[in-house]
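**Q** Residue-level listing of the chains:
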Amino acid sequence: MTRREIQPAMIGSVLLHVTVAVLLMISWSFTRNLKVGEVVPVTIVTHAPAEPKPAEQAPVEQQAQAPEPQPQAPPPPPPPKPTPAPPKPIPPPPKPVPPAPTPKPIPKVEPKPAPPPKPQPPQPQPKAQAKPQKSLDLDALSASISSMAKPATKAPSAATRGPAQAQTSPTPHPTLGAAQSAAAIRGLSDELQRRWNPNCDVEGGRDVKLKVIFTIGEGGQVVGNATAQIIGPVTPVSRAAQGRAVSAVYAAAPFRNLPQEFYGQRITVNFNAQEACSR
Amino acid sequence: MTPVSKRTVLAAMAALPASAWLVPAAARADIEVNVNRADVQPLPIAIPGFTGTRGADIAGVISADLQRSGLFRPLDPASFVEHDLTVAIQPRFPAWQQINAQALVNGQVTASDARLQVDFRLWDVFAEKQLLGLQFASTPENWRRVAHKISDAIYEQLTGEKGYFDTRIVFVAEKGGRGGRTKTLAIMDQDGANPSYLTDGAATIMTPRFSSNSQEITYMELRADGSKIYLLNLDTARRESLGDFKGMVFAPRFSPDGSKVAFSVERGGNSDIYVMDLRNRATTRLTVDPSIDTSPSYSPDGTKIAFNSDRSGTPQLYIMGADGSNPHRISFGNGRYNTPVWSPTGEFIAFTKQVGGQFSIGVVRPDGTDERILTTSYLDESPAWAPNGRVLVFTRESPGGQRKLWTVDITGRTQQPIPYPGAASDAAWSPLLN
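So the sequences go chain by chain: A and B. Note that the numbering used here numbers the first sequence so that position 63 is 63, with each residue one more than the last. Note that the numbering used here numbers the second sequence so that position 80 is 80, with each residue one more than the last.
Treat the hints as calculated values from the structure; they're not laboratory data. Glycine included, C-beta positions come from ideal geometry on N, C-alpha and C. One or more of the hints may lead you astray.
Counterexamples of contact, computed for chain B against chain A with all Cβ distances above 10 Å [claimed, not checked]:
hint, residue
1, D30
2, V35
3, R54
4, Q97
5, F126
6, A127
7, G160
8, K246
9, K260
10, D323
11, Q354
12, E371
13, T375
14, I410
15, P417
Derived DSS-like pairs: lysine-lysine, alpha-carbon spacing no greater than 27 Å straight-line [what the hints assert, rightly or not]:
hint, chain 1, residue 1, chain 2, residue 2
16, A, K209, B, K129
17, B, K246, A, K211
18, A, K211, B, K129
19, B, K162, A, K209
20, B, K228, B, K304
21, B, K175, B, K228
22, B, K246, B, K228
23, B, K162, B, K129
24, B, K129, B, K304
25, B, K260, B, K228
26, B, K246, B, K404
With the hints as extra help, turn the sequences into a complete structure.
**A** Written out as C-alpha cells, the structure is:
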C-alpha cells in the first residue's frame, strides 16, 4: 500500500532529474561553441611614492643673464651617465647648500637652452633687488594715455623667448612709463595665452573659470608656487583644468620683458575657458 | 589725482584689449590679467618606451590609445632628448620643456614567468611635478590590458573624465559577399586587438548590445524559422533565450541596471516595443500604435526610453516613460532619423540620420535641442557610446567597400577606423572592465 502511494512521486522525481540533466546537456551544447574572450584581472598593487628622487641635473647651458644661485643639491654621486651634451664647467654654488628635500627648489630658475649653440659670455648685469612694492601710478598712467593710444606703440611680441630678446634683457629703469607697463602686461597676457591649452572638448571643460596667483621674481621668474582657485563648481574636470592653467604659467615664465618694477608683484591671472573655447 | 583724470584713466583702461587689464588693488598693486584666448590643441605628451620586457610595446599601446581619443598628441620619440629614464628619479624637466611636451609618462616593466609588474609615472613637465604614480600587476600575456589601464589613469588625471580604454567591443563580423554573407558574433578590445568569435556563423547575428553594468550581452539571432533574442554572459559563457514570441523579435537592449530587456516585436507589418523583466520573465507591451516602433534605448537613470517611430509619416526620434507613458517626438529636422542611443551621461541621444543619399551620425539633447551632425558619408549607421559618453563607435560603408567600424568623438573632429582587419558592423561598447 505504501509502495503504491510513493511510486508516482518517485517516478516524478526520476523524470524531473532526467529532464534537468537533459536541459543541462542542451545548455552545454549551446555554450561549447562559444569562445569568450578571457578577462584576466589586473590589480593595482600600490600607489607610487609622490616624491621620487630629484633628477641628476645635466650640465646647464648658460644664458646671458646669470641666474640666481640655486638652492639645489649637488648631483648625487652616481653612476656616471653618458650625457649627450658636452660637459661644461658649472660654477660652484656660492653657498653650501643643504640637500633639497623636495625636487622643486625655490625660486624656480629655468635653464632654458639658448637656441644657438654658441656660448654667450655672461654679462654682468646690475642685479635688481626685489624692491619695496610700489602701487601702480595712476597719475603716470593718466599722463601717458595719449601715447598708449598710438598704434605705433611697440608691445613686446609673444616671442619673448627668442634669442634676440633673451640677449637684450631690458635694463632696469627707475621710472617706468605707464604705457610701457601696460604693454608689458599685454605681453605677459599674450605669453600666457600662447601657453594655455585648456581642454575644451570634455564635458564641462568650456565652463571652467580659474584664478592663478603667483609672484614675479627677478628676471621674470615665478617665485614660489603658483596657486590656482576654481571659480565655480569644483569637479574632476575643473581640477584637471586647474593643473593646466598652473602649467601655462610655468611654461610662460620667465617673463623676461617685464620691467623690474614688477619684480615682487603678485599677479592674478583670470583664465576664462568659456571665452577661450568659443573662439 | 582728480576724479576727472581717474575717469580718463578708466576709459583708457576700458579701451585696452580685454586680455590685458591693469586692476590696481587698494592697498597694494596686485596686477590682474584676464586670459580669454588660448592655444587649444591636443595635449602634447611624451611617452618614451618603458624599460624592461614589453616596455616599448606597452608605451606604444598607451600612445595609440591617447592619440585615438583626439585629446592628446603623443610626440615623436625621435625628438626626445633625455633617455634612460627611471621611475625612481625625476626626469630632467628642461629636456622635455625644450620639445614642448606638457606631460611625460615613463615606466618600468618587471616580468617573470608568471607575473608582470608595471610601474609608471605621469609628470607635469612645466610645473615640474609628479601627477600620478601607479604600479600594476598581472600575468605577462595580459600586458595590453595593463597598458589600457595606464591609459585610463592618464586620461582621467589629465582630463578629469573617466577613461574608456580598458574596454571591449562586441560586434558582428561579416564574411562573404551579398547573398552569401555570414554574420558572426565577435568581440575584441576597443583598439581592435584580440578579436575572437562567439558563434560559428550558422545563424545570422544582429544588434548585439552590452549591459551597461556587467559583462553580459543581448543579441538577436536570425534563422530560417524566425528570430530569437539571447542573453550571453561573457564571464561564464552561458547563453539563454528570452523565449519564443509570436512574430519577429529584434533590437534588444538592456535597461541600465541590467534587470530588463526592451525589444521590438513585429506582427503583421506592425512593430511595437515590449519589455521583459529578467527576474520574473514578465513581458509588458509599451507602445500600441499602428506604425513601426523600434530601437528602444533607456536613459541612464532608467526612467525614460528613446525610440524610433514612423507614426508621423517618416522615421523620427521619440521619448516615452519607461512604462510607455507620454510618448513625444524630439526630432524635427529634415531627413529620416533612426537607431537612437542614449549616452551614458544622459546628456545626448545619438542617432543615424538619412538625408538624400547620405547617412550621418549625430547627437541631440533629449529635449530635441542642439542637434549636431558628427559624421556624414555614403553609409554611416548604428552608433554606440563608449562608457564615458565622449566617443561613439559606428558602422561605415564606402561604395563597393567593406563595412568597417569607426570611432568619432563628441565634437566630430576625431574620426578613426578601428583596426580590425575584416568587415564588421553593428558594434556595442562594454563598460570598463574590472
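**Q** Does each hint fit the structure? Answer for all of them.
**A** Here is how each hint holds up against the structure:
1. Chain A draws D30 (chain B) into its interface by the beta-carbon criterion, the shortest separation being 5 Å against a cut-off of 10 Å.
2. With a closest Cβ-Cβ approach of about 5 Å to chain A, V35 (chain B) is found to fall inside the 10 Å limit, against its non-interface label.
3. With a least beta-carbon separation of about 14 Å from chain A, R54 (chain B) lies farther than 10 Å from that chain, consistent with its non-interface assignment.
4. The claim that Q97 (chain B) is not at the interface with chain A is violated, since a C-beta of that chain comes within 10 Å of its own (minimum 7 Å).
5. The claim that F126 (chain B) lies off the interface is violated: its Cβ sits roughly 4 Å from the closest Cβ of chain A, which falls inside the 10 Å cut-off.
6. Listed as a non-interface residue, A127 (chain B) fails to keep its Cβ farther than 10 Å from every Cβ of chain A; the least gap is roughly 5 Å.
7. A beta-carbon of chain A comes within 10 Å of the beta-carbon of G160 (chain B); the shortest separation is about 3 Å.
8. Here K246 (chain B) stays apart from chain A, with its beta-carbon at least about 23 Å from theirs, past the 10 Å limit.
9. Separation of K260 (chain B) from chain A is adequate, the least Cβ-Cβ distance of about 23 Å exceeding the 10 Å criterion.
10. Every Cβ of chain A is farther than 10 Å from the Cβ of D323 (chain B); the closest lies at roughly 29 Å, confirming the non-interface assignment.
11. The Cβ of Q354 (chain B) lies farther than 10 Å from every Cβ of chain A, with a closest approach of about 27 Å, so its non-interface assignment holds.
12. For E371 (chain B), the shortest C-beta to C-beta distance to chain A comes to about 18 Å, beyond the 10 Å cut-off, and the non-interface label holds.
13. For T375 (chain B), the shortest C-beta to C-beta distance to chain A comes to about 16 Å, beyond the 10 Å cut-off, and the non-interface label holds.
14. Residue-level check failed: I410 (chain B) sits 7 Å from the nearest beta carbon of chain A, not beyond 10 Å.
15. At the 10 Å boundary, the C-beta of P417 (chain B) stays outside the reach of chain A, the nearest C-beta of that chain being 20 Å off.
16. Simply put, K209 (chain A) and K129 (chain B) have alpha-carbon atoms about 23 Å apart, close enough for the 27 Å limit, and the pair holds.
17. Restraint check: the Cα-Cα separation between K246 (chain B) and K211 (chain A) comes to about 64 Å, which exceeds 27 Å; the hinted pair is violated.
18. With a C-alpha separation of about 20 Å, the suggested pair K211 (chain A) and K129 (chain B) falls inside the 27 Å cut-off, and the hint holds.
19. About 21 Å separates the Cα atoms of K162 (chain B) and K209 (chain A), which keeps this hinted pair within 27 Å; it holds.
20. Pair hint K228 (chain B) plus K304 (chain B) holds up; C-alpha atoms about 25 Å apart against a cutoff of 27 Å.
21. Annotation: proposed proximity of K175 (chain B) to K228 (chain B) holds, straight-line Cα distance about 22 Å (limit 27 Å).
22. Proposed proximity of K246 (chain B) and K228 (chain B) is supported: the alpha carbons are some 11 Å apart, at most 27 Å.
23. A C-alpha spacing of about 22 Å is found between K162 (chain B) and K129 (chain B), which places the hinted pair at or below 27 Å, so the restraint holds.
24. In summary, the hint linking K129 (chain B) to K304 (chain B) is not supported, as the alpha carbons are separated by about 46 Å, beyond the 27 Å threshold.
25. Between K260 (chain B) and K228 (chain B), the direct Cα distance comes to roughly 16 Å. Compliance with the 27 Å bound is thereby established for this hinted pair.
26. Pair hint K246 (chain B) plus K404 (chain B) does not hold up; C-alpha atoms about 34 Å apart against a cutoff of 27 Å.
Hint compliance for this structure: hints 1, 2, 4, 5, 6, 7, 14, 17, 24, 26 are not met, and every other hint is.
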